[in-house]
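Going line by line, the protein sequences match chains A and B.
Each residue of the first sequence is one higher than the one before, starting from 72 at the first, in my numbering.
Each residue of the second sequence is one higher than the one before, starting from 47 at the first, in my numbering.
Just so you know, the hints here were simulated from the structure itself, not pulled from any lab data.
Cβ atoms here follow ideal geometry from the backbone N, Cα and C, with glycine treated the same way.
There could be a bad hint or two in this list.
As the list claims (entries may be wrong) - What follows is a set of in silico ranges between Cβ atoms, one per label pair, in the way DEER data are often shown: (1) B:Leu83 / A:Val281: 45 to 53 Å; (2) B:Leu83 / A:Leu357: 35 to 43 Å; (3) A:Val257 / B:Ile195: 28 to 36 Å; (4) B:Glu184 / A:Val257: 55 to 63 Å; (5) A:Leu357 / B:Thr277: 22 to 30 Å.
What the hints assert, rightly or not - Quick look at which bits of chain B chain A covers, simulated, 3 or more residues with Cβ under 8 Å: (6) 61-71; (7) 75-85.
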Amino acid sequence: MSYRSRADIRQFDWVLLVTVVAILAFDLVVLYSAGHTTGSEANYHMRQLAWCAIGFGALLVALALPARYLDGLSIPIYVVSLLLLLYLMFRPGGGAERWIALGPLRLQPSEASKIALVLMLARVLSDRGKIRIGIRWLFLPGIIAALPFLLVLKQPDLGTSLVFGAIILPMLYWAGLPARLILLAVSPVVGMVASASLFAWIAFLVVLFVLLVVSRASAFFLFIALGINMAVGVASPILWNRLHDYQKARILTFLDPGHDPLGAGYQIIQSAVAVGSGGFGGKGFLQGTQKGLSFLPEQHTDFIFSVVGEEFGFVGCGALLFLYAVMLLRMLLIAMRARNAFASLMAIGFFSYLGFQVMVNVGMTVGLVPVTGLPLPLLSYGGSSLTTSLFAIGAVLGVGLRRSRY
Amino acid sequence: MIDTLERGRREKAITLAAILLVGFLILAGRLFQMQVLVWEEYLARADENRIRPERLAALRGKIYDRNGAVLADSRPSFSVSIVPYQVRKNPEVLDRLGDLIGVEPDRLRERVRKGFSRPYEPRPVLRDVDLRTVSIIEERGYDLSGVLIESEPVRRYPEGSLAAHVIGYMGEVSEKEIAASRVGGSGLAVGMRVGRAGIEREYDSRLRGKDGVRYVQEDARGRPLGTLRETDPLPGEDLYLTIDAPLQALAESLLADYRGGAVVALDPVGGDVLALASFPTFDPNLFSVAVSGVVWDSLSTDPAHPMLDRALQSAFPPGSTFKPVTAAVGLIDGLIRPDMRLLPCLGSYKFGRRVYRCWLETGHGSLRLTDAIARSCDVYFYQVGAGMDLDHFAGVAGDFGLGRKTGIDLPGERSGLVPSKKYMNNRYGKSGWGAGFQLNHAIGQGEILTTPLQVACFYGALGTGERVRPRLLREAVAPDGSIVAGPTPALEKVNLPAKVLDELREGITAVIEDDRGTGTAARIPGIVAAGKTGTAENPHGTEHAWFVAYAPVEAPVIVVVVFLEQAGHGGAEAAPVAGKLLRRYFRGGGV
């Protein structure tokens with residue numbers, strides 16, 4: 072480690088910070104509205120404001136810590152996060168609880184484990200700055216991602232498990248893993264979903280073949296990749312039967328929400344109705360009827376975007392997506408410019424984590440993605456998610472601040 | 047040390063940025079589609095979601111008799127309803143509800159299933175529940191989402207079965223009727239009860255009024271949050287009938303001694319129906335709350351047909367009450383003259399190769415018209431029938447309103463039958479029938495069928511010279527106090543020479559007033575009445591007894607028809623009943 076870490080205030084990414092503050096300001100407005108339902112006056116916005124203070128504390132800590140400290144802390148943080156997940160699994164009473172109650176606070180260890188995974192992977196992939204592509208090289212990152220993945224999947228929390236997958240793949244790609252290998256890793260997962268329908272599965276195989284050819288895969292590689300996918304396609308019906316009923320229901324409901332309009336499809340339909348009925352300009356602040364009458368499930372947490380859609384319409388949604396795009400692209404820019412391998416990989420990890428959650432959460436609200444129970448970063452009510460997101464952004468801001476000094 | 051990382055970093059960043067932007071563009075496209083292209087669809091569903099129209103049942107108009115006695119009114123009641131849409135979300139609500147109200151959850155489920163076509167409309171599952179059940183359900187409201195207590199008036203008939211066939215009864219509206227009403231805009235709703243028979247049906251739209259509606263804002267669990275808009279219900283009109291309740295009650299009590307029958311009492315000038323009784327009868331209160339299958343089955347399969355209004359929904363051979371028609375045809379066509387004696391009655395009459403019997407086996411001897419009517423000699427009328435033209439016969443009967451509906455304001459009236467030549471040709475073939483058939487027609491047998499109400503109108507026309515359209519509605523009083531008169535009597539002159547009518551009247555007066563007449567049992571002290579007995583052959587058993595009378599002869603104010611199923615001779619059975627009614631009527635000084 073030969074880098075120095077001196078901050079240069081002129082390097083600071085004000086655009087990223089202002090974008091984040093703008094999103095948070097919008098968040099408080101939306102949460103005020105979400106809490107403002109007929110018959111109840113939950114003051115989510117005030118509590119979220121308190122969390123913002125804590126979150127900005129985390130942001131400042133992450134900003135202040137030079138990358139080498141984060142690099143050094145990555146192993147302890149990773150271990151502690153695994154222990155917390157284990158505690159959730161084996162604590163007395165057990166069950167599908169994702170929280171740890173700490174006084175009045177309820178903490179979600181799975182949120183913290185996203186940070187831990189990014190730091191740990193960045194450390195492993197940037198070790199000695201040398202990256203060699205090979206089975207042994209993939210083994211360690213694979214284990215590092217698999218441990219929290221399995222623990223969270225066991226909770227069970229399919230959505231968060233998928234975030235781990237969404238973190239590791241771009242980081243591997245960033246570290247130099249050829250795209251065709253990423254394809255090899257991702258394709259069985261996609262193939263598993265596609266295997267639900269013969270037509271979709273065949274279409275998937277065709278697309279995979281084309282992508283592999285484009286990414287200059289050898290004939291041997293191509294043969295292996297298609298072979299693995301064939302095997303997965305055959306095996307997935309067996310795996311399907313091992314899924315939890317509620318997971319099956321979520322996937323089935325995603326495929327056809329109308330099939331159970333009052334059961335599992337309820338959230339999807341209600342949120343789609345809320346978003347769609349907002350129209351171009353929205354119904355206006357506090358005027359959302361779906362929200363106002365509590366037709367929306369989880370309207371202040373996972374489905375917060377549907378309140379945005381209903382009250383602020385296409386204009387509000389577009390503006391919000393624009394802010395997120397600016398935020399994420401600034402993070403990507405920082406990652407690209409960072410000259411330190413760990414810092415750059417960490418920025419890519421946080422970029423992936425936040426970007427994936429934004430896309431999945433909004434996709435779920437508009438009925439494009441199954442309901443996975445992922446919060447919308449910076450917008451969903453909840454301290455763990457907000458603190459984690461702001462910590463990640465702080466860390467990336469820190470990378471930008473010190474990029475030329477590494 | 048960073049060379050591996052540095053290599054192609056820009057390309058990688060562009061790839062990741064491209065993936066991100068493609069994802070965001072897909073989301074933006076989806077949002078554009080939902081919020082800009084088809085947002086109205088979503089808006090419609092959003093509105094449906096949050097506002098539930100609640101029906102405010104209009105108070106149904108009351109039904110009174112002509113003197114203001116209440117025949118039908120409404121009392122408040124509560125019913126338990128379910129909103130299928132909400133209950134389908136948590137089906138266990140039905141189990142809890144079933145326990146509370148003592149109904150099989152499977153029956154409730156069936157009700158929900160049927161309600162799926164209109165999932166947002168509350169559907170009554172139990173009507174007229176007591177206040178204890180109401181309070182239990184309201185207390186448990188927190189875990190009975192989708193279950194409502196609705197207040198709705200229930201029809202009440204304080205006099206029980208009195209005039210049941212006239213008043214009718216209520217029944218739940220069917221899906222088909224709702225669908226039809228949505229087109230016509232008469233506003234029927236699920237669970238509503240409408241008139242199913244009698245006045246309740248005939249004047250349903252007047253009685254019903256206009257339901258109000260309250261738009262209740264609700265959250266997804268069906269908890270009401272407030273009222274958005276409300277239109278008050280408009281009560282229905284009160285109907286004052288022509289029925290005279292005490293006379294009606296007497297008629298029904300007199301009928302109760304027989305297997306079955308009908309009584310009609312009619313004002314032949316104004317057309318007012320004073321009494322319209324049919325026996326056996328039923329209690330319309332049974333239908334006010336959802337009628338149970340057992341009750342319905344026992345009423346609808348009862349061989350005595352208690353639901354049938356024998357006064358106008360059933361037609362019988364009129365027997366000798368028809369003879370004035372035959373006499374009129376004979377007089378007009380010159381077959382007989384008033385003072386002419388026909389061949390003597392020896393108890394039977396031989397025509398062709400067949401012997402036609404007179405009801406009096408000992409015979410009446412040789413009679414003139416008045417006596418022939420008074421003593422109801424069949425042989426006399428056989429001789430007229432043998433020579434008459436059947437179409438002329440049917441035409442005269444038609445003048446008296448026979449063989450066609452009277453036009454009374456009640457549903458389901460039968461038109462009866464007076465055969466024409468065409469009818470006989472169709473039925474028996476051109477050569478399949480002859481003058482012998484007309485002998486039977488001449489004494490009111492054979493194919494001829496009349497309802498008791500028709501016979502009343504027929505004799506009313508005989509007495510006044512004008513045919514009247516009977517009516518049951520005297521006036522309707524709207525909620526604002528304005529009065530609408532009932533149907534007009536629509537008087538129509540009988541198309542017969544006055545001299546003929548006079549001859550007929552002389553004959554039918556003698557029926558009652560001549561000591562040898564067949565209807566002396568119907569005499570009214572101090573008032574001269576006219577009438578006619580009838581005994582209708584019944585292939586299934588004892589004859590049906592008829593008697594019809596009007597009084598006073600010079601200016602009739604009332605016609606009474608008594609029809610008794612399988613009771614025997616009209617003079618012996620029906621005339622005394624009519625006599626009691628007439629005497630009561632005139633002792634009371636009319637209506």
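Violations among the numbered hints
Hint check: 1, 2 and 3 fail, others pass.
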